Amino acid sequence: MGAAPEKHIPSSGKDSAEQSSREGPAKSMDRSGSSGLTLVTGANNSGAWKRSIFNLDFGFRGLMLLAALAILVIVALIIEQLLQLSAPAWHKFGIHFFFGSDWNPVSGEFGALPFVFGTIVSSLIALVIAVPLAVAVAVFVTEMCPKPLRKPISFATELLAAIPSVIYGLWAIFVLVPLLRVYVDPWLMRYFSWTGLFVGPAYGIGMLAAGVVMAIMIIPIISSITREVLSVVPQHQREAALALGATRWEMIRVGVLRNARAGIVGAVILGLGRALGETMAVSMVIGNRPEIVKSLLAPGYTMASVIANEFAEATDDLYLSALMEIGLALFLVTIIVNVLAGLMVWTVTRGTPRAHVQ
Amino acid sequence: MSVLVVGTLRAIFAYLAFKGAGSLNWAFLTQTPKPVGEPGGGMANALIGSVMILGIASLFGVPIGIGAGVYLAEFGRNKLGQLVRFTADVLNGVPSIVIGLVAYGLVVVQQHHFSAFAGGVALAIMMVPTVARATEEMLLLVPHSVREAAFGLGIPQWRTTLSITLPTARAGIITGVMLAFARVAGETAPLLFTAFGNQFWSFSANQPIAALPLQIFAYAISPFDEWHRQAWAGALMLVILIVGTTALVRFVFLRRMLEGSR
Numbered sequence: 001m002g003a004a005p006e007k008h009i010p011s012s013g014k015d016s017a018e019q020s021s022r023e024g025p026a027k028s029m030d031r032s033g034s035s036g037l038t039l040v041t042g043a044n045n046s047g048a049w050k051r052s053i054f055n056l057d058f059g060f061r062g063l064m065l066l067a068a069l070a071i072l073v074i075v076a077l078i079i080e081q082l083l084q085l086s087a088p089a090w091h092k093f094g095i096h097f098f099f100g101s102d103w104n105p106v107s108g109e110f111g112a113l114p115f116v117f118g119t120i121v122s123s124l125i126a127l128v129i130a131v132p133l134a135v136a137v138a139v140f141v142t143e144m145c146p147k148p149l150r151k152p153i154s155f156a157t158e159l160l161a162a163i164p165s166v167i168y169g170l171w172a173i174f175v176l177v178p179l180l181r182v183y184v185d186p187w188l189m190r191y192f193s194w195t196g197l198f199v200g201p202a203y204g205i206g207m208l209a210a211g212v213v214m215a216i217m218i219i220p221i222i223s224s225i226t227r228e229v230l231s232v233v234p235q236h237q238r239e240a241a242l243a244l245g246a247t248r249w250e251m252i253r254v255g256v257l258r259n260a261r262a263g264i265v266g267a268v269i270l271g272l273g274r275a276l277g278e279t280m281a282v283s284m285v286i287g288n289r290p291e292i293v294k295s296l297l298a299p300g301y302t303m304a305s306v307i308a309n310e311f312a313e314a315t316d317d318l319y320l321s322a323l324m325e326i327g328l329a330l331f332l333v334t335i336i337v338n339v340l341a342g343l344m345v346w347t348v349t350r351g352t353p354r355a356h357v358q
Numbered sequence: 359m360s361v362l363v364v365g366t367l368r369a370i371f372a373y374l375a376f377k378g379a380g381s382l383n384w385a386f387l388t389q390t391p392k393p394v395g396e397p398g399g400g401m402a403n404a405l406i407g408s409v410m411i412l413g414i415a416s417l418f419g420v421p422i423g424i425g426a427g428v429y430l431a432e433f434g435r436n437k438l439g440q441l442v443r444f445t446a447d448v449l450n451g452v453p454s455i456v457i458g459l460v461a462y463g464l465v466v467v468q469q470h471h472f473s474a475f476a477g478g479v480a481l482a483i484m485m486v487p488t489v490a491r492a493t494e495e496m497l498l499l500v501p502h503s504v505r506e507a508a509f510g511l512g513i514p515q516w517r518t519t520l521s522i523t524l525p526t527a528r529a530g531i532i533t534g535v536m537l538a539f540a541r542v543a544g545e546t547a548p549l550l551f552t553a554f555g556n557q558f559w560s561f562s563a564n565q566p567i568a569a570l571p572l573q574i575f576a577y578a579i580s581p582f583d584e585w586h587r588q589a590w591a592g593a594l595m596l597v598i599l600i601v602g603t604t605a606l607v608r609f610v611f612l613r614r615m616l617e618g619s620r
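In order, the protein sequence lines correspond to chains A and B. Going by this note's numbering, the residue at position 105 of the first sequence is 105; the numbering climbs one at a time, nothing skipped. One rule links them: number in this note's numbering = place in the second sequence (from 1) + 358.
Hints are all accurate, no fakes.
Reference listing, derived: stretches of chain B covered by chain A, where coverage requires no fewer than 3 residues with Cβ under 8 angstroms from a Cβ of chain A: (1) 424-435; (2) 441-455; (3) 482-489; (4) 596-603.
Since the hints were made in silico from the structure, they are not lab data. None of these values were measured; they are calculated from a predicted model. Note that CB positions come from ideal geometry on N, CA and C, so glycine has one too.
Just chain A, with the same shape it has in the complex (with noise of 0.2 angstroms):
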């Protein structure tokens, strides 16, 4: 990348500027200005600058391209590995293997709808815990806590992000399913097992436990979204609220949160995403049963844990197939999920800057 190559061309463009440069700042104004102009505006490529096929702009910018390009490329590998791979299983199943219930490796049988429901059901669980506690976290950072306790708060909040899937199950088998086999369990048991929701031995590891750390999981990513949802509301909406004779909460009510609720309901449904993809914290506290059992306190099964579980081994090309079938299933739920929270929470924020990266 030296500066030879452009002196046999003497009619660049570029090469004039880089002349113009060494003669001095007063020359370089004249005749350099205009190809400045021309860089900026980036409107017409001069052609006294495309006509070198040395020019490395053209390759700098070639390459910087095939980066970017690299982005559409994995994109596609992806969607084609997954295809290629989970077509025999296709060919044999067709979409049946989304409804029957038998997941039997040994006879050739897959059926993957105890998967899908494993992963809906604790997803659902994971949902229910945890958007409360992440729009509540939301809501007192962004409107009732004190200014110095901010920081510590959202940077707890963000940390929990941070931490790795596998620490989370571990710190899932060893600490909150003891708990929950010892305290929690038999008293949901005691109380609510009218609803056929909590019965069965109580465990410890099952749906319930899932979706308890899932929970815990995705309360960051919820909580993170709608407090940029929420710093978005503009301020005359609280105080018009405010001035009409509102009370706090109701001003929060009616001010803040019936605006964000779009921006709202995207994070929920991003930390969905999120949930769906979860893969190892819940291998190791679901029970991992393929069985289709309406109890939460039973164990059972998702299909990013049926995937983890089981692909390494495997034993025929058909087995694997079913897997990579699960997993490109799944790879269109999570997509699907991602493109509509995103499209909710951009319509919310649309325009205003992000305050730090993601």
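Position chain B against the provided structure of chain A, taking the given hints into account.
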């Protein structure tokens, strides 16, 4: 309710420190796993393995990410730029286990064996969108007047970007890279069937290799107390590394930088 949330965080950290500190000793850091039932042994091979995998991942992920970020910031005010941005966000949201599946198909199936390289590729795919978005945002923070001044002096665009704009945004880009690094350092799922894990020392990029999160996972779900103890020690190390990096980056560098640029 925030007390509940923050309290949970403190409780997790405290418990981790309490359980892990007792087992974190020199033997842990320098030995490979011993057979089940024998006391002692460590996760040294997992530490080295993690370093190798993360090195390979950074080798591929960081240049592509920075390059994409430069394109988006400097040349990307067009439809292609919008598409790339959208795709990067999509890629960011793909579950890590699916990325592991893809790396399996792309590398392991072609090579017919598990390898550290495959694990590195999987983690690199995960690093690219984070690094690209961070680079783009940091480059956009550089005032346009700096670039215009460079153009006015006759410096071509490629030189401006390389010698002026990028160094100005250097601190922010480094923090973005560190954040991406911290994120993938804790990932287990993509490594489950790419790097696969290894009980012995391995320094080759073409063989299965142990990794810290993998080892923690394997030990945690085992029925042996000794291994549980070691899992806690490994977890403590991982948490200190990752959460420490994240906290440092987010709340020291970023705050200082953003306050300075206003």
